[in-house]
Structures are given as structure tokens and as C-alpha cells.
Amino acid sequence: MNGLLQQDVNKETFTINLGPQHPATHGVLRVKLVMDGEYIVEAEPVLGYIHRMHEKMGENRTWAKFLPNCGRMDYLSAMSYNHGYVAAVERAAAIEVPERAEYLRVITVEMNRISSHLLWFGAFVLDLGGFTPLLYAFDDRELILDLLESVTGSRLTYCYFRFGGVYNDIDDAFIAGTREFIKRQRKRMPMYDALVTKNIILIKRLKEIGHISKDMAIRYGATGPVARGSGINYDVRKNEPYSVYPEFDFDVPVYEEGDSMARYMVRMDEIEQSMRIIEQALDKLPEGEIKPKKAIKLVKPEKGDYYHAVEAARGSFGVRLVSDGKNQAYRLKLRSPTYSNLSLYGEATKGMLLPDALALMGSLDLVIPEIDR
Amino acid sequence: MVQQPILDHLYVAAFFLGGLLMAVGPFIIAHLFSPRGTRNITNKTQQAIECGVEPIGDAWIRFGIVYYLYALMFLAFDVDVLFLFPVALAYDTTFAIRDFVEIVIFVGILSLAIIYAWIKGVFKWETKSYNPR
Amino acid sequence: MLLAKIKEALSSLYENIQETEETPDADAAAAVEAEDTAVASAAEEVQAEETAPEQEESKPEEVAEPEEPAPPPGPKETDYKAKGYHLDVDLPPEKLPEAAEILLREDFFIESITGVDWIDDEQLEAVYDFNHFDELCRVVLRTRTDRENPAIPTISHIYQGANWHERETHDFFGIKFIDHPNLEPLLLPEDADFHPLLKDFKA
Amino acid sequence: MGNEVVQPPIIHFDTLDKILGLGRANSLWPMTFGLACCAIEMMATGAARFDLARFGAEVFRPSPRQCDVMIVAGTISKKMEPAVKTLYDQMPEPKWVIAMGNCAISGGPFVFEGQYGIVEGADKFLPVDVYIPGCPPRPEALIEGILELEEKVTGHRRWPRVEAK
Chain A
1 MNGLLQQDVN
11 KETFTINLGP
21 QHPATHGVLR
31 VKLVMDGEYI
41 VEAEPVLGYI
51 HRMHEKMGEN
61 RTWAKFLPNC
71 GRMDYLSAMS
81 YNHGYVAAVE
91 RAAAIEVPER
101 AEYLRVITVE
111 MNRISSHLLW
121 FGAFVLDLGG
131 FTPLLYAFDD
141 RELILDLLES
151 VTGSRLTYCY
161 FRFGGVYNDI
171 DDAFIAGTRE
181 FIKRQRKRMP
191 MYDALVTKNI
201 ILIKRLKEIG
211 HISKDMAIRY
221 GATGPVARGS
231 GINYDVRKNE
241 PYSVYPEFDF
251 DVPVYEEGDS
261 MARYMVRMDE
271 IEQSMRIIEQ
281 ALDKLPEGEI
291 KPKKAIKLVK
301 PEKGDYYHAV
311 EAARGSFGVR
321 LVSDGKNQAY
331 RLKLRSPTYS
341 NLSLYGEATK
351 GMLLPDALAL
361 MGSLDLVIPE
371 IDR
Chain B
1001 MVQQPILDHL
1011 YVAAFFLGGL
1021 LMAVGPFIIA
1031 HLFSPRGTRN
1041 ITNKTQQAIE
1051 CGVEPIGDAW
1061 IRFGIVYYLY
1071 ALMFLAFDVD
1081 VLFLFPVALA
1091 YDTTFAIRDF
1101 VEIVIFVGIL
1111 SLAIIYAWIK
1121 GVFKWETKSY
1131 NPR
Chain C
2001 MLLAKIKEAL
2011 SSLYENIQET
2021 EETPDADAAA
2031 AVEAEDTAVA
2041 SAAEEVQAEE
2051 TAPEQEESKP
2061 EEVAEPEEPA
2071 PPPGPKETDY
2081 KAKGYHLDVD
2091 LPPEKLPEAA
2101 EILLREDFFI
2111 ESITGVDWID
2121 DEQLEAVYDF
2131 NHFDELCRVV
2141 LRTRTDRENP
2151 AIPTISHIYQ
2161 GANWHERETH
2171 DFFGIKFIDH
2181 PNLEPLLLPE
2191 DADFHPLLKD
2201 FKA
Chain D
3001 MGNEVVQPPI
3011 IHFDTLDKIL
3021 GLGRANSLWP
3031 MTFGLACCAI
3041 EMMATGAARF
3051 DLARFGAEVF
3061 RPSPRQCDVM
3071 IVAGTISKKM
3081 EPAVKTLYDQ
3091 MPEPKWVIAM
3101 GNCAISGGPF
3111 VFEGQYGIVE
3121 GADKFLPVDV
3131 YIPGCPPRPE
3141 ALIEGILELE
3151 EKVTGHRRWP
3161 RVEAK
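Protein chains in written order, with the numbering used here: chain A, 1 to 373; chain B, 1001 to 1133; chain C, 2001 to 2203; chain D, 3001 to 3165.
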């Protein structure tokens, strides 16, 4: 605190639960906080309140039957999880994917990333106390959900990818709708910038709050916008190119400060980058097949284990599958980015004020079923 | 003919009763109209709300003096406003300057406490560093 | 370049394995083997000056021949396109903390720890994934321990991120991580004593 | 244990119950209690386009003491079950429960032989009033569920029912 009121040591600490049912945790995460007045002495996240046994289901279902599960882990960027799982199985079983299908995958993944960042933006500012941006962000997000629903059939938990391609082709209405959405969103972003980003209250709440250093990101394995906010230029689409990403020119926003404001700015800039990718993908969309002639139901990768990582909205989502040649996974491990991003919460919030710890938790962009799997 | 003072007393009593009724009324209505008791499974109805899990430890602990200071400052200014009411009533338009100066002096002396606390840095909430326990 | 550097650094772990397990008698190793270790020790000097890790100095310069009927134990490079990772390192459990220190020194970050239950050959395997932020190079450390009382030394004092991964692997497979700070269930209820991802788990 | 009848209020007669029922039905305050994917659809229902405010149910109260209806939106895992029971206890009467989504109705896509983690359905331990199928159910389905609950509270349905043409 300061010179005047020296902290007397033998004051008791107070333990409260930022419990499973709490508006700021956006799900069922529980954090056991040992508090000394307003200051956090020790914060320990407790997980498992929404553990839904995805990895156990991976072992007792065939490869194709596990597809619906992918959309239900991180339901905000479900398309990237579809992409991660399907690409891992394609790498294991050496399945070819036609060019047009790869483009459709990139378009839908990037649109899903924008809708995930928009929802994060609304929910994050809601945590800090501002209610109206949530309504604006959801309004834009509904447009994306309409477009994606017209192609995939569902609003949230997509199951759009198949082994070797995608389920449905896009029509001109989708392309026109997407271009219209991008034009409208480019006009909305300056408004969000003026309404929220330059708002002195938000700046005061986020600047120099929740510092995550590069070394901490290495020791905890934080990836995605959390790492890019601390000056680490790591984006799986650039560092580990997969699908047709090398053909698009987009840049990866990286901020050096490592505080909550930096992570906020990274995600706001990424919305613009995703729109650039979608536009280029729509311009260069090739004609051709979108899925193999005969639908692949029997997938038999040879023995051994395979790993594939994709850039989900929250970081590098990796799928490690161990196959023993059968039509079923022997072991399916899903490396979820928020699991590692959250593991640094205990060290990052030592000695912090409680409201700042909530700002830090919001800036980590948590989706709890992805952590608990 | 009811003398003037009794009438005034009646006014005060009426206001007092009205205030009391406004305060206690909702409790009475709620008590009368709401069902008594609630369905429960593990009868934790009376338990303190802690996001659905058991509260850990006791809430009645000793904590930093600073939070008490805030209460003190609020109390000082609350009473300060209380004293300004009569001044506002008896604000004499002819000698307005005199009354205004009195108010400024009165409020000024009280806000000295705030200035002292400000200089001493009570309002700065930096991050503290705890040696890991 | 990073791949070669880390390969050499990790292969240094294998020298003292042979030393501790058997008396280091200089065998007539295959020519390529000698040349390989020569390159290894040369690179080691370069690497020693560069990062000057005190741990490298402690290793004796004279390198015992790692003699193994199977291909020499040591980091094996795998084809990234087919498998998804660059280096596959099979280690005995007690070598793990050392390997983790080497990887942390090269700024590798920990991606995940996966448990695998090989029930046919009575073993539990823990697969550690490491990757690098600046240059793509995924290193996979594998250790096996027997299924009866599986125990692997913890690396959570080196990589704090591994703390949760190890607790989760303990939840699902029952692998005891030696001197892990708090090895309670993470994803399962606090009083859970079953390990669901074992092949012989009955609900 | 959860469905014993509660003692009626001190003053209650038929028309008063009707009036109070009308008031309660049109201001159902749900609890912010999103578990999983259905919670996002619940947020979308509360947001601008589907606008739960038209039916008086847009005030999502965090504390159980101030809410009337608990919308169980998502999967209830075995670790979460005691917390759900505690929250249900701490809600004052009159209270209702809406089971939103297949997970809350019957465990949904996570029920398989030998599953160890979830409770298969909220009605295993909660008296559920309205079931909303879907995975996740669309916001319109949640609004229909709220209207269904309003019909249950007041006895008649004020809003037109949607007929498939």
C-alpha cells in the first residue's frame, strides 16, 4: 500500500469463492481467492465443473462419430475445432482435400473467429461494467450466425467439416451476404473504437493491469492473443502453415506491453485481419469438388501417433491422436489453448486488486468447457 | 381552534409516520403475501451465498484500517450536508455573501481531512507484492 | 538450425545413460555411429561456449559409445508432414527433468502432456509436447512406466504450466508424479479415486 | 425432497393469486446460470435481436436470492450437482426451473455406456417445470419456453401460439 498504513502481518486473510455460478467467469470456472482486504494473496482456479469426457468419447466412437463433439468443446470458435480434428485425421490417414474445400474451410473458420472475437468484446466490456457494447456486438454477430447457418445449418455448434472436404457448398447469396457484412463491419469498427477503446474508463481499467511476461508465457505455454499481447509473434497460421493459409497475405498483430489493454487491442485488430483473409479467399475461390466422390466413412490410419495444430480464436488448438489401425482412436488428446492460458492465472494475479484480477480474467477470453473438456 | 404549535406537531408526526410506513410497509406486504418457506433439497436456504459452494472460513475477520477510513470520511460529509440544510433554509438574500462565506468555511474545514488523506496516499491502490506463502 | 541444436543438446542426455547403466567399454561402433557422436561432441563444444550451461561442463568430454541392438537411443527426427512433429525422444523417466531444463534453456514452451495406456504391454506412457515460438520445431518427449505403480518425476518446478497437465494425467491415468506440489484431482470431483481413461475402467 | 408443497401465504384467496400470478408471469427474473453452449444462446436471446425484454424476462440476476426462475442451460456434471442444489435451495419461493437443451433434459450427446461424469438430466434432482429441447435450442425456442412457463403460472396464454402453416 504505502508508507502511511504499514500492513501489519498478523491480519487474517479472507477466503472467498469466485465460484462456479458467477457472472464474470462466463461459465462454471471456480477461483478460490485468498484475500487480504481488496488484495489477492493467492488465486487458485478449480476446474472440472463442466468436464464432459470428450477424450473418453474419442476412444469409444469411430472417427466420423466424434465429429459432433468437436463443435461442443469451444462453442465460440467451433469451426476451428472442426478444422483441427478433421485435419489431424486427414494427416493420419493421408486423405486429400480438394482446393475449393480448403478455401471454404478458411472462409468459415475466419468468419467464426470474427463472431468469437465479437462475443468476447461484448462480454469483456460487460465484465468491466459497460452493458451497451454487448448489444452492439451481438447485433453484428447475429449477421455472421445467419450467414453461417445458411451454409452449415447450425448457429453455434457447427459440424460442417467432413474427412476430405466440407458438407455443403456456398451459394452466391452467401458470398454477397459476406461482402455486405464486411462492408458494414468496417464502418462499425471505428464506432467501437470511439465508443469503447478510447474510453478513459476502459483505458484506466486495462492499462498496466494483469501483466503477463514473455517468460511466463513460455513456462505456462500460453498461445494465441494472450501470447501475442506479450510481444510473442506466434500464430499457428504463420509459424506452422496448414491448409491454404500461405496463399493469403495478412499480418499478425503483436503488442509488446503484455497488459490487458494489449490483449484487447490484439483481438480488435484480428477482426480486421480476418476480414482481409475472407475477402482474398472469396476473390480467389476456385471451382471444383468440395468433398470426395464417395463419402469417407471407414478411416484406418496406420499405427503410431500424429499431431496437428490449428489457430483457434483463443490460441493453438492441437489434436494428438494415437491410432492402432482400427476405425476408432486408441487415444485422442485435445490440447486446448485456454487450459494453458488460464494456468498462469495464479502467478499473474499475486498481490493484485480483485477488480483488476477480473479484468485480467476477461482479457484471457475463457470458454470453460474447452478447459474442462 | 387548534393552536398553531399543535398543528405543527401534527405535521411532524404525520411526516414521521409516513416515513416509517414507507420503510416498514414493503416488509409487511411481503411477509403477508409471500409463501412461507421454500422448497429445498439439501436445506442450504439460510447459508450465505457463495456462488453455489460452501463458504470457506469465517467472514468476521480483522481487515485493513483503510476501509474503515472510507466510512469515516463518508460519515463526516454526510453530517456536513445535514448541517447545510438549516443554512439553506435560513439563507438571507440580503446578506448572501456572509452566508456563502460561512458555508465555504464550514465545508473547507471538513475537506481538510480529505486533503490530508490524499497527500498521505490513501487513495492510491498500487499492486502489492506478497512473498508466496 | 534450431532442430539440429536441440537434437544435439538432447542426445547429450543419452551419454550418461550408458555410463550409469553399464561400464563404458569402447565398443567397435558402426562408422556412422562414431562419426555421429563425433559431430555431436563437436557441436556440443560450440553449444557449450554459446550458452555456457554449467550442466554441459559437468559432462565428461570422453563420450562412451551408446551401444544398443535397436537403433541407437536418442532423438529421432520424424517427417513433419506425415507425423506433425520434428523430434521424437524416448527417455527413461528419471531423465525428464534434465530434458525439460535443456528445452527451457532453448526457450521451448510446453504444449501438453498426454497419457497413453498401453494395456497389452502393461505400460503407461506419458508424451510431452514442446514447441518453439520463433521457429517451428515440435519436440516430443516420451517416457514409459509400468502399469502397476506408475511414477514419473515431475517437471512442474521447471515448467509451471506442467502442473495442471500432470494433475490431469494423474486424474485420467493414475500416474503418480513424484514431488508434485499438490496432486489432487483437477477435472474429476475432489474425492474421485477412479482413473477413467484406463482401458480397463468400468464406470 | 424438492417438491413438497410449501405453506401458503398468510393472506391468499383466488383473485389475489390471479393478480399476483399475472405480475409474476410477466416479470420472471432468470438467474445468470449458464453452464455450457446453451448459455450462449441464452445470451443471444437476451441481446438485441431476439430481445427477451419483450416478455419481461431480460433481468438476469446473479444472486439466487433475487431470481424467480433457474434456467439450467447446459450439462450438469457430477462435480457441479451439489452447487446446483445449493442454488436451488437459496432461491425464494415461488420459483420455477426451465431445463434448456438436451443436456439438461437427459444428458444429451454426452450419454454413453460407461460415462462417469455427468448427471443425465436436471429432473434427476430438480422439479423441472418446462423442458426446451435442442442442442442448443434456438433463441425462439427459449422464448417459447418462457411463454410456456407464463402459461403455467397464469393459467392462460396471452401470446399467439406459433402454428406451422
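Don't read these hints as lab results, they were simulated from the structure. Keep in mind it's a predicted model, so treat the numbers as computed, not measured. Heads up, some of the hints might be wrong.
Unchecked claim - Chain A regions said to be covered by chain C (calculated; three or more residues, Cβ under 8 angstroms):
1) 26-39
2) 158-164
3) 229-243
4) 334-344
What the hints assert, rightly or not - With a straight-line cut-off of 30 angstroms between C-alpha atoms, the simulated DSSO-like cross-links for lysine-lysine are:
5) K2007/C x K214/A
6) K2199/C x K326/A
7) K214/A x K1124/B
8) K2076/C x K300/A
9) K65/A x K300/A
10) K284/A x K2081/C
11) K238/A x K2199/C
Heads up, the beta-carbon is just placed ideally off N, CA and C, and yes, glycines get one too.
Hint check:
no.	hint	result
1	26-39	violated (count 0)
2	158-164	violated (count 0)
3	229-243	holds (count 5)
4	334-344	holds (count 5)
5	K2007/C x K214/A	holds (24 angstroms)
6	K2199/C x K326/A	holds (16 angstroms)
7	K214/A x K1124/B	holds (28 angstroms)
8	K2076/C x K300/A	holds (25 angstroms)
9	K65/A x K300/A	holds (14 angstroms)
10	K284/A x K2081/C	holds (25 angstroms)
11	K238/A x K2199/C	violated (38 angstroms)
Going down the numbered hints, you'll see the structure goes against 1, 2, 11, while the others check out.
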